[in-house]
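Trainee: Please model the entire structure based on the sequences and the hints provided.
2 protein chains.
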Amino acid sequence: MAETTKKGDGRAVWIGVDIGGTKILAVAFDDRMKPLGEDRKKTKGRSGAEESIQRVAAAVEGAIKAAGLSAKDVAGIGVGCPGPVSMEKGVVLSTPNLCWKDVPLRQILEKKFGVPAAVVNDVDAGVYGEYAMGAGKGARCVFGIFPGTGIGGGCVYEGKIVCGRNTSCFEIGHCRVMPKGPICGCGRRGCLEAVAGRLAISSAAAAAAYRGEAPALLALAGTDLGCIRSGDLAAAIAAGDSEVERVVRRAARWVGCGASLVINLMAPDKVILGGGLVEAMPELYLEEVRKGAMKHVMPSLRGVAEVVVAKLGDRATVTGAAAWARGLAVAE
Amino acid sequence: MAETTKKGDGRAVWIGVDIGGTKILAVAFDDRMKPLGEDRKKTKGRSGAEESIQRVAAAVEGAIKAAGLSAKDVAGIGVGCPGPVSMEKGVVLSTPNLCWKDVPLRQILEKKFGVPAAVVNDVDAGVYGEYAMGAGKGARCVFGIFPGTGIGGGCVYEGKIVCGRNTSCFEIGHCRVMPKGPICGCGRRGCLEAVAGRLAISSAAAAAAYRGEAPALLALAGTDLGCIRSGDLAAAIAAGDSEVERVVRRAARWVGCGASLVINLMAPDKVILGGGLVEAMPELYLEEVRKGAMKHVMPSLRGVAEVVVAKLGDRATVTGAAAWARGLAVAE
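Taken in sequence, the protein lines are chains H and S. Its first residue numbered 1, the first sequence is counted upward by one per residue in my numbering. Its first residue numbered 1001, the second sequence is counted upward by one per residue in my numbering.
Mixed in with the good hints there might be a few duds.
[As the list claims (entries may be wrong)] Take a look, some chain H residues computed to stay more than 12 Å from chain S by CB distance:
| # | residue |
| --- | --- |
| 1 | E61 |
| 2 | N97 |
| 3 | C99 |
| 4 | G114 |
| 5 | T167 |
| 6 | A216 |
| 7 | L218 |
| 8 | L225 |
| 9 | S242 |
[Unchecked claim] Heads up, incomplete: computed chain H residues facing chain S, CB under 10 Å, no partners named:
| # | residue |
| --- | --- |
| 10 | R140 |
| 11 | G173 |
| 12 | P182 |
| 13 | C184 |
| 14 | C227 |
| 15 | L261 |
| 16 | A267 |
| 17 | P268 |
Just so you know, these hints were derived from the structure itself, not from any lab. Glycine included, every Cβ here is placed at the ideal spot set by N, Cα and C.
Mentor: What follows is the structure, encoded as structure tokens:
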């Protein structure tokens, strides 16, 4: 089928896929990354890798159909996956929520659809999306940091996603920022993720609510960590919960401290902030991350990197995955 | 003159220059980076930029002469300079010891010698030298860390020196590893350099000597920080100064902590340790850096990066500068 796709005839369609813990989103894009149609499926990660891979394929087919196209219009597929991947081999090494292990996803999709496929870490895909179509357009070096339950990072350097030995990289969430800090999910202490991730924020905010110091949050979301969403934190702050504001600002400043490590090392043109917490509170995050970075960046590098908020929201990963697949095809 | 040099005829000669605080070393290399001749001049940094630039030119001429060649044999010149440079513009932005400020060194040398010149930070050049001809040969991603008075870092990724926005980068010495740590020369607290650089080591070692806990060091070098050399530390440890050993091992472990930041971010194939301290105590540094890195790298990245000792010693920068100039010429 690949042979029937002519490059540059305006009909080349690229499919981007974002595999999340609960849902799979597939979007068909034209050659300029304009979305043409999309489909969503539940991930059903617990039903095993085979079941969820079939759902990925079904979402791709659904997006093609929703765009009013057929498989022969597709030039390539890019997939953003949670967890480490081998971009070189097209293999998903492991996924935190899906119980995938060494899944040769590129090969599976290429066999099924007869077009080139690319497998990318979801954060890397998101940063590439912002580089190609969003807040990092045209920058020589972009570092993206996405605070959420984990704190993901990714870097696009001179047009390419930076990747590590056998694996995706930029694990900013597991850089240690507080030597005697709280225990992290990875087993170590004081990782950025443990200090500034969603769990650190919601546990401190819930404790404040429990102590009676965050009445708005208590009314909105209670004290169950599983129920406190980014929007609840933003709403509680807007309603005057100053203790919640203090907690979130502190976490955001730590994100700036984490970003400063990458600024000291890479001196990137842009640092892009994304993810649900940033989307819910963009001004707060921008202000505090800038402050935290300014404090921890070496003096001669202050002002080198512009800190900005992501533009593509939850479309960054699908867009980036599709754009990356397109870029690989052009480079060949 | 550039026109008279034929590429690939075996007569192309590349000059590498290493501008140090006290001396300038220039070496003429053949196309395979075999040294043919060299010259040294005193830097005389305090006599002003113009004087020391003339000395750079004289060292280049001296190396050509020592190799029994003439200027028309030279295909290109690469210069490793202390402090931040703009590789893109060929400008030395500032130098800690030489009082240079925005010196357009590439332009000056190209005008004088009529061949392409390249200006590179000295640590970057050293890492590139190890990548091209030493301990990092052929690796996809090499991170070099050189503990000394400062702690320099550099990265070669897919054959190119990684550079930052308008400047050289990988300022690992100014990444914060100890939030409430000692004051750094840059004005902040707890930078890797302040915790694990030569000054931190020699001041702790001198204090031990003063307290009578390091008799060998006291006999060898006294308690003047300016007189304690890497070789003295190594000799004192060999002679049984266990307190000196403890101080150096601790510093080396912090270097490993610093390296772990880059491993978490870049997942490089190799981490190369270089500089005078490492040369004087290679086994000690290797052991402790590996330990420190292992402790601070996220579990899934343990073992990704091989930690090795540099091979080229004080020839890394000249070799790398020349090899980089050669690489740029080939890429054109």
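Trainee: Hint by hint, say whether it matches the structure.
Mentor: Each hint tested on the structure:
| no. | hint | in the structure |
| --- | --- | --- |
| 1 | E61 | holds (33 Å) |
| 2 | N97 | holds (15 Å) |
| 3 | C99 | holds (16 Å) |
| 4 | G114 | holds (30 Å) |
| 5 | T167 | violated (6 Å) |
| 6 | A216 | holds (32 Å) |
| 7 | L218 | holds (32 Å) |
| 8 | L225 | holds (23 Å) |
| 9 | S242 | holds (25 Å) |
| 10 | R140 | holds (7 Å) |
| 11 | G173 | holds (9 Å) |
| 12 | P182 | violated (14 Å) |
| 13 | C184 | holds (9 Å) |
| 14 | C227 | violated (29 Å) |
| 15 | L261 | holds (5 Å) |
| 16 | A267 | holds (2 Å) |
| 17 | P268 | holds (7 Å) |
The structure is inconsistent with the numbered hints 5, 12, 14, although it conforms to all the rest.
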